[in-house]
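Enquirer: The lines below spell out each chain.
Number of protein chains: 2
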Amino acid sequence: MAKSLLDQHQLKAVAKLFDLLAEPTRLDILQNLKKAPLSVGQIVDATNAKQSNISKQLGILHDAGLLKRERQGNLIFYSIADPMIFDLCALVCGKLRKDAESQLALIRSLGK
Amino acid sequence: MAKSLLDQHQLKAVAKLFDLLAEPTRLDILQNLKKAPLSVGQIVDATNAKQSNISKQLGILHDAGLLKRERQGNLIFYSIADPMIFDLCALVCGKLRKDAESQLALIRSLGK
DNA sequence: ACATAATATTACTAATTAGTAATATTGTCA
DNA sequence: TGACAATATTACTAATTAGTAATATTATGT
Chain A
48 MAKSLLDQHQ LKAVAKLFDL LAEPTRLDIL QNLKKAPLSV GQIVDATNAK QSNISKQLGI
108 LHDAGLLKRE RQGNLIFYSI ADPMIFDLCA LVCGKLRKDA ESQLALIRSL GK
Chain B
48 MAKSLLDQHQ LKAVAKLFDL LAEPTRLDIL QNLKKAPLSV GQIVDATNAK QSNISKQLGI
108 LHDAGLLKRE RQGNLIFYSI ADPMIFDLCA LVCGKLRKDA ESQLALIRSL GK
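Those protein sequences? They're chains A and B, same order as listed. Numbers in our numbering are just positions in the first sequence, counted from 1, shifted up by 47. Numbers in our numbering are just positions in the second sequence, counted from 1, shifted up by 47.
None of these hints come from the bench; they were simulated from the model. Careful, some of the hints might be misleading.
One copy or two, either will do: identical chains are not told apart, so a pair holds if it fits within one copy or between any two.
Here are the computed lysine-lysine pairs in the DSS-like style, where the Cα-Cα straight-line distance is at most 27 Å [to be verified]:
no. : residue 1 : residue 2
1   : Lys115    : Lys82
2   : Lys142    : Lys97
3   : Lys59     : Lys82
4   : Lys142    : Lys82
5   : Lys145    : Lys115
6   : Lys63     : Lys103
7   : Lys103    : Lys142
8   : Lys81     : Lys115
9   : Lys59     : Lys97
10  : Lys81     : Lys103
11  : Lys115    : Lys97
12  : Lys82     : Lys103
13  : Lys142    : Lys81
14  : Lys97     : Lys145
15  : Lys103    : Lys115
16  : Lys97     : Lys81
17  : Lys115    : Lys63
18  : Lys82     : Lys97
Given the structure is predicted, the values throughout are model-derived calculations rather than measurements.
Could you put the whole structure together from the sequences, leaning on the hints where they help?
Expert: Next comes the structure, spelled out in structure tokens:
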């Protein structure tokens, strides 16, 4: 086992995946799809984004392979293609919570 | 336990953290710091980015709390503040590898 | 075929930001 | 103090992109 550092190309691929998760609207879509597939309209209702934007972001997530798409009559249902995303989000949420708790403990310790 | 969906503010915080990891240069810095703290000059040498850019990206990572900074004489050493980052990167790398392997298997299965 | 509902696309604006050259700052050593 | 090395900052450009209104597409039911 050598240095095993990622090369430029690989770094770019990793960055691209992180970038997909670096937008609140897309994260909102993903967390809403966590339990079950939803139609575009349902996602629009669940978030507070406009239809055109949701459609756009769904397209981005689908093109990247993070979402699956299935037509059912007049509706189009999207679903999570790889639940690994939620492991990622759990890690990040865990870190943020831990940081916040440390912050809180620090503040409390200053309260004499 | 209710719906437990993140609100707008929380989504923004999560997105911000992902955004820090959504740039190849910053990822390159982080992976170089994985083994040990490095000075700015060492990081510049290890990557193929200019000094001013490395310094800028180090500042961003430090301001966000992902890196620690320590002066030693003329040099300034940066180090990873929270190794959780590597868990994140490992997940992403794992996914990309798995996807690539599936792709490869598919191609092979088509080769008669 | 027509009206309607659901979704996608287009064209655009505003905001963000990576990278950079030049310059400023900070520390070391003589 | 002055020269030098390491790092940070500034000011700028070019590129990317979220959000949006308007419009186009696609499917359904009559």
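Enquirer: Evaluate Lys115 and Lys97 at a C-alpha cut-off of 27 Å and name the case that applies: within, between, both or neither.
Expert: Only inside one copy: Lys115 and Lys97 sit 21 Å apart there, 40 Å across copies, limit 27 Å.
Enquirer: How would you label the pair Lys115, Lys82 (within, between, both, or neither) given a Cα cut-off of 27 Å?
Expert: within (14 Å within a copy, 38 Å between copies)
Enquirer: With identical chains treated as interchangeable, where does the CA-CA distance between Lys81 and Lys115 reach 27 Å or less: within a copy, between copies, both, or neither?
Expert: Close inside one copy (13 Å), not across copies (35 Å); limit 27 Å.
Enquirer: Given a CA cutoff of 27 Å, do Lys145 and Lys115 count as a within-copy pair, a between-copy pair, both, or neither?
Expert: between (33 Å within a copy, 17 Å between copies)
Enquirer: For Lys82 vs Lys97, is the C-alpha pair at or below 27 Å within one copy, between two copies, both, or neither?
Expert: within (22 Å within a copy, 45 Å between copies)
Enquirer: Can you tell me if Lys81 and Lys103 fall within 27 Å by alpha carbon in one copy, between copies, both or neither?
Expert: The answer is within: 19 Å in one copy meets 27 Å, while 37 Å across copies does not.
Enquirer: Which holds for Lys82 with Lys103 at a C-alpha limit of 27 Å: within a copy, between copies, both or neither?
Expert: The answer is within: 22 Å in one copy meets 27 Å, while 40 Å across copies does not.
Enquirer: State whether the alpha carbon distance between Lys97 and Lys81 is at most 27 Å within one copy, between copies, both, or neither.
Expert: Cα proximity of Lys97 and Lys81: one copy only (20 Å, versus 41 Å across).
Enquirer: Is the C-alpha distance from Lys63 to Lys103 at most 27 Å within one copy, between copies, in both cases, or in neither?
Expert: both (17 Å within a copy, 20 Å between copies)
Enquirer: As a check of your reading, is Lys59 near Lys82 (CA-CA no more than 27 Å) within one copy, between copies, both or neither?
Expert: Only across copies: Lys59 and Lys82 sit 21 Å apart there, 30 Å inside one copy, limit 27 Å.
Enquirer: If the cut is 27 Å between Cα atoms, do Lys59 and Lys97 qualify within a copy, between copies, both or neither?
Expert: between (30 Å within a copy, 18 Å between copies)
Enquirer: From the Cα coordinates, with 27 Å as the cut-off, is the pair Lys142 and Lys82 best called within, between, both, or neither?
Expert: both (23 Å within a copy, 21 Å between copies)
When each numbered hint is compared with the structure, violations occur for hints 2 and 14.
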